[in-house]
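K.L.:
Residue numbers (this note's numbering), protein chains in the order written: chain C, 1 to 505; chain P, 506 to 761.
Hints were generated in silico from the structure; no laboratory data involved. For clarity, every value in this text was computed on a predicted model and none was experimentally measured. Beta carbons are placed, not taken as given, at the ideal position from N, Cα and C, and that holds for glycine. Do not rely on the hints blindly, as some may be mistaken.
[Unchecked claim] Under the rule of at most 25 Å between Cα atoms (straight-line distance), these lysine to any residue pairs were calculated in the SDA-like manner:
{"hint": "1", "chain 1": "C", "residue 1": "K433", "chain 2": "P", "residue 2": "D573"}
{"hint": "2", "chain 1": "C", "residue 1": "K481", "chain 2": "P", "residue 2": "E509"}
{"hint": "3", "chain 1": "P", "residue 1": "K601", "chain 2": "C", "residue 2": "L315"}
{"hint": "4", "chain 1": "P", "residue 1": "K576", "chain 2": "C", "residue 2": "L348"}
{"hint": "5", "chain 1": "P", "residue 1": "K574", "chain 2": "C", "residue 2": "K499"}
{"hint": "6", "chain 1": "P", "residue 1": "K601", "chain 2": "C", "residue 2": "Q395"}
{"hint": "7", "chain 1": "C", "residue 1": "K489", "chain 2": "C", "residue 2": "Q395"}
{"hint": "8", "chain 1": "P", "residue 1": "K601", "chain 2": "C", "residue 2": "D474"}
{"hint": "9", "chain 1": "C", "residue 1": "K327", "chain 2": "P", "residue 2": "H614"}
{"hint": "10", "chain 1": "C", "residue 1": "K298", "chain 2": "P", "residue 2": "A631"}
{"hint": "11", "chain 1": "C", "residue 1": "K298", "chain 2": "P", "residue 2": "S634"}
{"hint": "12", "chain 1": "P", "residue 1": "K576", "chain 2": "C", "residue 2": "M416"}
{"hint": "13", "chain 1": "C", "residue 1": "K298", "chain 2": "P", "residue 2": "D628"}
{"hint": "14", "chain 1": "C", "residue 1": "K481", "chain 2": "P", "residue 2": "A565"}
{"hint": "15", "chain 1": "C", "residue 1": "K481", "chain 2": "P", "residue 2": "S634"}
{"hint": "16", "chain 1": "C", "residue 1": "K489", "chain 2": "P", "residue 2": "G589"}
{"hint": "17", "chain 1": "P", "residue 1": "K601", "chain 2": "C", "residue 2": "P350"}
{"hint": "18", "chain 1": "C", "residue 1": "K298", "chain 2": "P", "residue 2": "G589"}
{"hint": "19", "chain 1": "C", "residue 1": "K499", "chain 2": "C", "residue 2": "S385"}
[Claimed, not checked] Going by beta-carbon spacing under 7 Å, a handful of chain C positions derived as facing chain P:
{"hint": "20", "residue": "N312"}
{"hint": "21", "residue": "K481"}
{"hint": "22", "residue": "N482"}
{"hint": "23", "residue": "I484"}
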Amino acid sequence: MADPNVLKQLRLALHTYTLLYVDDNVALNAQATTLCKKFFGTVMSAYDGSQGLQMFEKYRPQVIITDIGMPKIDGLRMSELIHEIDPEVIIIITSAHDEPSLLHQSIKIRVFDYLIKPLKIDELIATFTRCSEVLIESFHRKIFNANLHAVFNYQNNLVFLLHERNVVIANQPTLDFFGVKNIEALRKRFQSFGEILLEHKSFVYDHDTMRWFEHISAHPGHLFNVKIADNEETSHHFILTFQKIPEKEGYSVLSLNDVTELGLLKIYDSDATERESLLKDEKTVKALLEMAMRSGAKIKVHNLYKGLSIVNDGLVVSVDGRSVSMKSPYVQLKAIQYENLFYLTSELFPMAILAEGIRQIDFDSQSIIFNHYRLVETSPTRRESIRVTPDKNIQLTMLYEDRKFDIDMEIMDVSMAGIRVQVLSLPAGFSVKHSVILDIVITTALRPIIINTTAEVLRIDEVNHRFEVVFIYDLRGEAKKNMIDYIAKRQMILIREFKGIQYEH
Amino acid sequence: MNTETLLFDDTHHKCIMFSLEDEEHAEHSLSVNQFLIIQNDSAVLIDPGSESIFSELYEAISRHINPDKIKYIFFSHQDPDVAGAIAQWSVATSAKLVISNLWVRFMGHYGLMDMNRIVGLEDHGAQISFGNDYLRFIPAHFLHSPGNFSLYDSRSKILFSGDIGAAIASPQNLNKKVDDFEEHRPFLEGFHHRYMASNLFCRAWVECVRRVDVMTIAPQHGSLFHGENAARFLEWFENVEGGMEQCKTLYGLDKE
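Isolated chain P, as found in the complex (with noise of 0.2 Å):
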């Protein structure tokens, strides 16, 4: 499986994608994926996933950069998977991790307790300007996570969405590319509906997306959704019915 993607290249900006990482999930396999932003002589990583995969992928990058060029690391929510290596990126690179505030305070265990390292995020996210592009952290809490954030390109115009849209097992995972959106939702659902918190946090995410100009969303698991199929998945995701929508089902209150 290519396990390296060139999301967007203009020789100024460049975005790639990595996939070194798969998750067992019941009976399905979750690939996960991690990205890397260039813009010139610096760069930003995001969700650079657990510590197994941290040689590799540091590796992969050393590649393209030399990993003390990277600015800012950002972890999209606390998840394993997601923040596993923490420690590591710590120490081999300078970088400031940018993460909800609400993990802040778990930083030990994930081996730092040097909170000069830390660029908490406040709820209502934060933007980085570089030039005439900015990185905008946009909310995305109880979706899954209740301290969770998505990261808006505005060169490459690529939303970076962690959790969201996360697909389990398609087809179109191995081509890291929904083609067909139609076909790709059966693989969205089950994960969607169990693990969002309430359709009232999805609206408003979906809300705050459309207020920037997305060419393609990239999630943390699963394929890349483009174009019209972007936003087809935003219609979609809207309706999502979440936790609190299916609540006495999930704690068995339904059936008394």
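Bound-form chain C, shown alone (with noise of 0.2 Å):
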């Protein structure tokens, strides 16, 4: 006895379809017909081939079942004259003879199942099972085939139908994701394609050994990682499926999924991520760079030459692309030379900018062309009092909880409000905020004068297996004079020595 659990699903699955049962055994047929009903909605009857056909014409059940051997038509010869007006209609066949010649023939109408007589329960279930799994896919699809434009145009994925290389379609999502309007507009941007897939490691892109297209067209159905810039030039991450459609030269279909929110680009290319996020910035700083362009402003370009602060007057002459083209002093320009970058600062800015990307620096002209630059929150630019990289000729020795720190500190630079070291090792539980007692010696031709005063610790980090520490005191009276007379005096040897630089030019 079949699971009434399994009749129940079954019922619930044919119950909106219609079977017609075609036998000219009038009993057979009442009698199937009352069994076929406990499953299906509608079950009707004939009683030849030419009455079933005429039945299927007016009703168009989505199941037959009929016997072979009828007066007119038999049931194969109707088969397959059904099967000619709608090939998706489920033909199942009884007959009493278990003969391989008409099986052959069923089979070769493509009919669905063919079934001995008398009719066994499990065995017209296990038939009814497996129709209506094809009845729901069959409606499944009609539901897909006839909602098609929308699930093609409200999916999240951005599809491309293509004819070589060409856009013949493409769904909303994709003229949304790149801000057109209409096909045409995407058929032109499609058309360099291959300038929009951004370089990133591992990543499809144009680049010297591969061409995107012939790179994807060569592997159908393989996933590929890309990265598109959307209409704000914001970077997506996208898995690319490339498919053919079968029988239709030429003709396929080019899919992408956006995956950005798993944040995987920086596990691919972290220094691709770095400079994409440099790129955007540079955006907001090219717009103030033309501003000040436009504006004539002067602005101030800052660099350090051993601490010293050199700064002059800049002055953009053009933008061109990413290119910025500046005027500056032949002092600054050596400078730049020397540090190979240069802040700037202007009241139009909101922060100091830093400019890398050295193209071309013209003495003569006395103008540099520069292509990197970005908003910086801390630069050299913000110091109050002048540093200086110091000489030989002062040392410093530190005082800490009374005792003596014997390891040599190499003094990195030195001001009125403070002084910068390195040290190998530092004393125990020596931390931010400690106070220490500082012996500041230099030397000078007449004596050694020494400068003794109580400082903070004002930050320790770690730079290259040194620590790094900045300690910060108020000098006052002798020792304020002193320090004065030193940065003043090594200020000058400083600019001296940066004058003496000789650059090839």
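Make one complex out of these two single chains by using the hints.
P.N.:
If you want it as structure tokens, here you go:
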């Protein structure tokens, strides 16, 4: 006995369908019809092939069960004729004869099943179960086909139908993503699709050894990573698939599935992601530089030479693509050449701009071309007091918790506000805000000058396996005057040293 | 000798003169004055002199105000007795250094490469307002330096005239005050005739000065002119003949 649950499920699956039962045996027909009514919503009977064909044409049942041997038109011929009208109709043959020739013929006309009479309930249920599966699939396919346009347009994937390399059609999300109004505009954009695919390590994009379309079309069905910027220049990570349409030579479907939210771009290529955030920043900075150019605003160009600030006016002359051309005095260009970067400040700018990517320095026309720039929150332009890299005539010893610290401290720079040193190790417990006593000894031609002061630890960083410590102090009286004197003289020496640097230009 | 003179004080606004240096000039000595204007909690230092007096002046200023409070240091021109300690002052304070644009490119020679610290004055001058008061940088070009300014303080009505009005070895130098212009005049003449470029500039400067209400003229060298003496000085100065007027003599062409 069949499982009642299975029967219930089968009834639910088939109750919306119509079945036509064709058999010239009236009693058997009635008996079978009664049985079929337990599953199908509507069950009709016909008693020969001709009547069966007429009823099919009139009522379009989805399932037909037919005997073979019948008057007028036999069951096989009727099935053939019906399939000519609708090849999707499910036809089940019943026969008292288990003859291979009939079976072969039935297969030829693509009948759904072949059942031997008398019908066994289990066999019928098994056949009806398969029937229901096919019907549901067909139903879904019909819904899909009927609503294909909507399916096409309301999925998130970007989908293109291509003919060769040209866009035939694309869905709405594609138009939205690229910020174009119609397919024509998209077609134009797609002509340079290779340029749209951005460089990213192990991703598909045009470069020396790869042309994107050749690469993906040689691997249909494969998944590829690509990076594309949207209309607002935000990069998206897509999984690209490419499928050729069977029997339609030259036609293919390109699908792009946006997986940006997975945050994988950085894993593939952290450098590119970093570059990209810089690039985004560069757009803002470029606008600021253009504003400076239009207003003819003088901006300050900052460089450092061994801690010494070298600052002069700069004037943005042109902004062409990413390249910015600026004029600044000879001495500043020399400082830029030394540092290979510079900072720009102006009342126009919210913070300092770090400029790198020096393309050209022309000392004759006192101009410079650069193409990398970004805003920076901290920069030497914010220094309040003059800082210099010291010479060998200045030494430092530290007393911490009343004990002399014996490790050599290398002075990185010194100012009126503090001193920055590097040291291999630090005393146990030494930390920020702790108080120390510093003895700064400056050797002069006449006599050593000792600056003795209390200081506070402002910062401790680790730099190249060494500790970098910044002490701040408040020098007074003679100590202050001696330090002013040292820094002012050191500044003068550094200026002379800087002026003495010779470059070939 | 008194090295410090209070020129003005109304509790909010103070002007102090320091006289920390003497220069030898031919057989005479030439006293050098430095000035400090303090208003409330900020200060302007004027012509702070050479490196040799830096420490002494720094200390003297410290008695009145923390030198960190100096917002501007004004250099009337580029001479070493005016601008010789630029490196020290740039290290010792975070003040902006105000000087004629003409000398900005020389700052590297004075020990400063950071033009962000420099306020370069355009030839026509400038004015800094604070409340109802102001400081005006009055052009004094070619008197004697080609890039030269006097500074007028509207609150104290003092004109800090730089080299204009400098007197060499007048007995009135001792008390830093001109009591009798006529007696003082001989000590002005030699210097002005030789140093000022032309009467044309003298007249232009006097014209500019007369646009403001001057009570005191405080030159960088010698004694100060108050009230009537200041007016007498202006009358005298607009008739001074300078280098151009005696060009042939200067070049020895008058003897040919």
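K.L.:
Please go over all the hints and tell whether each is borne out by the structure.
P.N.:
Hint check results:
no. : hint             : verdict
1   : C:K433 to P:D573 : 24 Å, holds
2   : C:K481 to P:E509 : 21 Å, holds
3   : P:K601 to C:L315 : 22 Å, holds
4   : P:K576 to C:L348 : 23 Å, holds
5   : P:K574 to C:K499 : 32 Å, violated
6   : P:K601 to C:Q395 : 31 Å, violated
7   : C:K489 to C:Q395 : 16 Å, holds
8   : P:K601 to C:D474 : 22 Å, holds
9   : C:K327 to P:H614 : 23 Å, holds
10  : C:K298 to P:A631 : 18 Å, holds
11  : C:K298 to P:S634 : 23 Å, holds
12  : P:K576 to C:M416 : 17 Å, holds
13  : C:K298 to P:D628 : 18 Å, holds
14  : C:K481 to P:A565 : 13 Å, holds
15  : C:K481 to P:S634 : 32 Å, violated
16  : C:K489 to P:G589 : 13 Å, holds
17  : P:K601 to C:P350 : 22 Å, holds
18  : C:K298 to P:G589 : 28 Å, violated
19  : C:K499 to C:S385 : 22 Å, holds
20  : N312             : 5 Å, holds
21  : K481             : 5 Å, holds
22  : N482             : 9 Å, violated
23  : I484             : 5 Å, holds
Checked against the numbered hints above, the structure violates hints 5, 6, 15, 18, 22; every other hint is satisfied.
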